[in-house]
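Since the structure of chain A is provided, determine the placement of chain B on it from the hints.
The lines below spell out each chain.
There are 2 protein chains.
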Amino acid sequence: MLTYFLRVNKISAKSSSLTQVGSWNPITLPQIPNLRRFLWSYHHPEKQRRISSGQKESDNMSEALNREAFRQAVVNTLERRLFYIPSFKIYRGVAGLYDYGPPGCAVKSNVLAYWRQHFVLEENMLEVDCPCVTPEVVLKASGHVDKFTDLMVKDEKTGNCFRADHLLKDFCKDKLEREPNLDPKKQAELRHVLAVLDDLSAEELGAKLKEYAITAPDTKNPLSDPYPFNLMFQTSIGPSGTLPGYMRPETAQGIFVNFKDLYYYNGSKLPFAAAQIGQAFRNEISPRQGLLRVREFTLAEIEHFVDPEDKSHPKFTEVANLEFLMFPREDQVSGESARKIPIGQAVAQGIVNNETLGYFIGRVYLFLTNLGIDRDRLRFRQHLANEMAHYAADCWDAEIECSFGWIECVGIADRSAYDLRAHTDKSGVALVAHEKLPEPIEVEKLVIAPVKKELGLAFKGNQRMIVEALESMDEKEALELKATLESKGEAEFKVCTLDKVVTIKSNMVTISKETKKEHQKVFTPSVIEPSFGIGRIIYCLYEHSFYTRPSRDGDEQLNVFRFPPLVAPIKCTVFPLVQNQQYEDVAKQIARSLTAAGISHKIDITGTSIGKRYARTDELGVPFAITVDSTTSVTVRERDSKQQIRVNVDEVATVIKEVTEGLSTWGDVLWKYPTHTA
Amino acid sequence: MLTYFLRVNKISAKSSSLTQVGSWNPITLPQIPNLRRFLWSYHHPEKQRRISSGQKESDNMSEALNREAFRQAVVNTLERRLFYIPSFKIYRGVAGLYDYGPPGCAVKSNVLAYWRQHFVLEENMLEVDCPCVTPEVVLKASGHVDKFTDLMVKDEKTGNCFRADHLLKDFCKDKLEREPNLDPKKQAELRHVLAVLDDLSAEELGAKLKEYAITAPDTKNPLSDPYPFNLMFQTSIGPSGTLPGYMRPETAQGIFVNFKDLYYYNGSKLPFAAAQIGQAFRNEISPRQGLLRVREFTLAEIEHFVDPEDKSHPKFTEVANLEFLMFPREDQVSGESARKIPIGQAVAQGIVNNETLGYFIGRVYLFLTNLGIDRDRLRFRQHLANEMAHYAADCWDAEIECSFGWIECVGIADRSAYDLRAHTDKSGVALVAHEKLPEPIEVEKLVIAPVKKELGLAFKGNQRMIVEALESMDEKEALELKATLESKGEAEFKVCTLDKVVTIKSNMVTISKETKKEHQKVFTPSVIEPSFGIGRIIYCLYEHSFYTRPSRDGDEQLNVFRFPPLVAPIKCTVFPLVQNQQYEDVAKQIARSLTAAGISHKIDITGTSIGKRYARTDELGVPFAITVDSTTSVTVRERDSKQQIRVNVDEVATVIKEVTEGLSTWGDVLWKYPTHTA
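If you read the sequences in order, they're chains A and B. Heads up, the first sequence stops at 678 in the UniProt record's numbering, and the numbers go up one at a time, no gaps. Heads up, the second sequence stops at 678 in the UniProt record's numbering, and the numbers go up one at a time, no gaps.
Hints are not guaranteed to be accurate.
Note: identical chains are not told apart, hence a pair may lie in one copy or across any two.
Below, in silico cross-link-like pairs of lysine-lysine (DSSO-like), each with a Cα-Cα straight-line distance of 30 Å or less [stated by the list, open to error]:
no.	residue 1	residue 2
1	LYS521	LYS602
2	LYS269	LYS89
3	LYS672	LYS657
4	LYS175	LYS516
5	LYS602	LYS269
6	LYS89	LYS147
7	LYS89	LYS436
8	LYS186	LYS494
9	LYS657	LYS602
10	LYS147	LYS169
11	LYS185	LYS175
12	LYS612	LYS521
13	LYS173	LYS208
14	LYS220	LYS521
15	LYS672	LYS517
16	LYS657	LYS588
17	LYS460	LYS208
Since the hints were made in silico from the structure, they are not lab data.
Chain A with its partners taken away, still in its complex shape:
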């Protein structure tokens, strides 16, 4: 059940919430990265290094503070410049809901556009767009209605709600941190609780809370026993109130239910991938960690359907030589660290289950690092046996390290045929693929022949549903039904689509075994699913892009986001050096050319000093600034190097387009145009 839970709750449930030191994994893992580097990289962003572990408790505390200070610096900048804002702020906000303001919205739309380019266009994926409102039956089939829960406790007096595992975790961590002289046996016990936290049942969790006398954190009131709370937002579809629905907790189901049409659209050929970008909703019990655990978020999901007997990938060689941090299951269990392995080798050695999974891991690596994620703070961690569902073949998370620890940002799972089978069973529609065999083969085959006339007489309007249900029986069910009909003359038969048990008589269906020539094999495809939490990726990108540097006169630290042009919310600013009509006209002319070239830009004609104007836009991560200091040529400045070149007015939009669209590098244009010294 629990492994299943982890499966369903792919992005933001338990497995990923436990991203803090020592607790996020049921076995002992190397301590979270030395925290000093957060402080350090804050001041020396270009020269990150790792300090070897082994520091004392007091170091731990001060580093936690530094990490906190770094995060505050980033978050303050983000909120002040409206990258994001707590939603409905004038009404005091709602926990777990955030707005993206103008720069954040632009970053998000750049990330999504690149995702489409990198995945959908590159692989010719079939993109779909399905509604968020989802009827119950779909999420019943997927398991979400029954299993998509967290264990909750209530303050018995105020009714305030808490996640039971969070309370227990906080208690254990707190005690370990604050009482270094605690009895070693007690310490071991608390560490064990943290390790097995994810595996505890409601009863076990309740017992532990009682044993440690844990009360409500704010009021100290007693707590209820833990009970499951479903994380889906529930609603009702239509006016009658009889059709329950939910806001989808993931976008994947919209693809699975359309498998049949998509397969046909693809010329009835495997493999193919479908993709979807859209909102997903999880009514978290107690949202925390800012943008990392929210109640509404954007997912981008790929479902790559493949023959289970052939998971090779034609383009695997294109990624095989990529080398990056991987953290295989065995290394986690034996207490080692993540290490660089070429993905080709990982597949060849069987560390990664198959080529297609390996191909996507490689593509995800390229996607994230091209966005600006630091390759040294990105690792691919394999799920442990107890994290994976029984049906999954293999599963890897792209984890990005930020001030909250290692955060699961992309899940890449080989989910075998589970999802398509679940919907086949529930809907009675066979979600299968057909493949022509090179040679026809003789098979003994079960033939189910419903007698439509008799079924029509007996069941009238429901006839079709019963015929479909009979035809979609698997061999075992069919033989059981046959046996019962032969012995008793009738049998109870459950028709899922009617949600009803009907009585089938022996004259209503014939079931027999026949030897047939088969020209094609029919099978349920496996699905390999890369699933991207866009908001999490963006938040980590913010942290990885943020640095400070002293102002020219050295009296303050200025904030900079070193976004690559691909991601930058605004590609370019245009500043008339001084307030005069001529320069303003040139600035407006340049702005028009930029608009025509599709380059997002901002024109700033305030009389503020040029240094202040640079600082303002560095803080938004704008990569290039055009300063109009003559009517014929202008200065172009690059954000991070602060190097400047001179370019003619009528050429400048083209130059900016080239460097922002990656056709030239800054190095190329530096070489081509005269440099400018102030």
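Same frame as chain A, now just chain B:
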């Protein structure tokens, strides 16, 4: 109330549902466009013309049939090629929910990308992205909780629900159509009912249903009295069940509540516009008309904030000479038809209230026609006095004619200061702008000075909310409070943010009038709101783009969508003429160059005849096809003209990029490259 309703329910409520002949407007309008042209344009798409009206009833009937046949042809093609699909089809679907399949999803993302380019980038708008889940207080302030309703009746036996106005409308229309010899007095009565349908109260509607003995359409059972049904999907935020929320019915509120931050982000300068693209939700009682009335849809909304005393627009001259069909209020009332008016003239003559509104009307016209909307089937219709809210200054709908009639696809409204005031009142946060006056002026000013100490003693934690509420009183309220305090020593005072009435004593606040020098004026900006129903625009675009032409041997009609490259779901196909390795390799090489150039394409290496392959992709609206018929040069075919040119293999991706991105026209490349004759 009703006008208010129309205001709130901007896109898809009553005003826009009544798009069918003779009923959609409370006064007599010219009959819907001659319907013969649907049939006609179906066969002769390039030569649309209008046939003068005045046909007989029987013509009307046959034209309705033709219109229906045309729609069926379009819809069949759309569904068969997965432009859209009823959602959750394997579970029998849910009314009013649709998926966009691969080509539909691509069209949608092209339309949205162009919307961003045409509006957000061009006008430097501040784009935001807010959650769909919205707490009740926000929608209470906006009026949706109380007023966003349709009148519903229930089948008293089955519980099935219907929109009361739909039943009455259908009854009247049906009777008028089927009984041409009906007593003229009765005819006039029914026409009158259709005309005033939108203005009927629940009681009046109920009385009419009774008078005409209208029963449930399917069962003929008696109906309940009409009662209001709120169209928002309700849910509950957080685990406690105490915070009601809704799925937003529009995206605009997310912008209004952020006004203060956005204004600051814009350097505290007016005018500026904010924009948002996102999902909106309306739990329609009985969705109909396919993609036109759905329960979840994508809106793109702009809120342009402007000084109420200066609604000029600096770029108005850029659109002033545009001339297109406008349908001013007066012409509707006097029974005339829409006519072409240059927008500059419409503003100068006061037909359109102001330049900013006029500017947006012009920009919307350009947006829609650049997408491929036929300019002769697009009109801007002004709201009648009884359609507009009391506070609105002016309102125009971009209506597009399709087989369902004239459909409201974009609403462009000057909503004055209504929305910002509503949120100021409810939240106690002043959503206002400040402007420096050229000269300071002396004003007699009300000074409200809450005595925080006394309020703190009396109200403890609620002090801040009460202080804010006192400070945000308008003059009238403040003077009333002052009078009551002076006469009685205390007064009841409603604090909205607390949802509570408190007793204020005279020592808790001083209210006085003082003469002050004012250096700035403080005011609530007006908002001009263009609001786009993306799904409706796309559906109309499908109808306007669809035509058929005979196959080469003339034995069947082939479907074509004449999408401009901007909109086309796939820009280009690559076909090896015959199945051979060499051609296939060239095709793959071209495909790689297209991917690198960011051009979406499809490669078809099936052995199907080239004619069939063309027909398949014409039906998807792919504008260009590359046929690989040699290893050095290839044939490029344009979809509508079927003209072909020869281009070198290594040049072809560049040529396709140029014509799809609008840098060259097909005419340009025709002139530049040798034509190819099969």
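(message) Flag every earlier hint the structure violates by its number, smallest first.
(response) The structure breaks hints 4, 8, 14, 15, 17; every other hint is satisfied.
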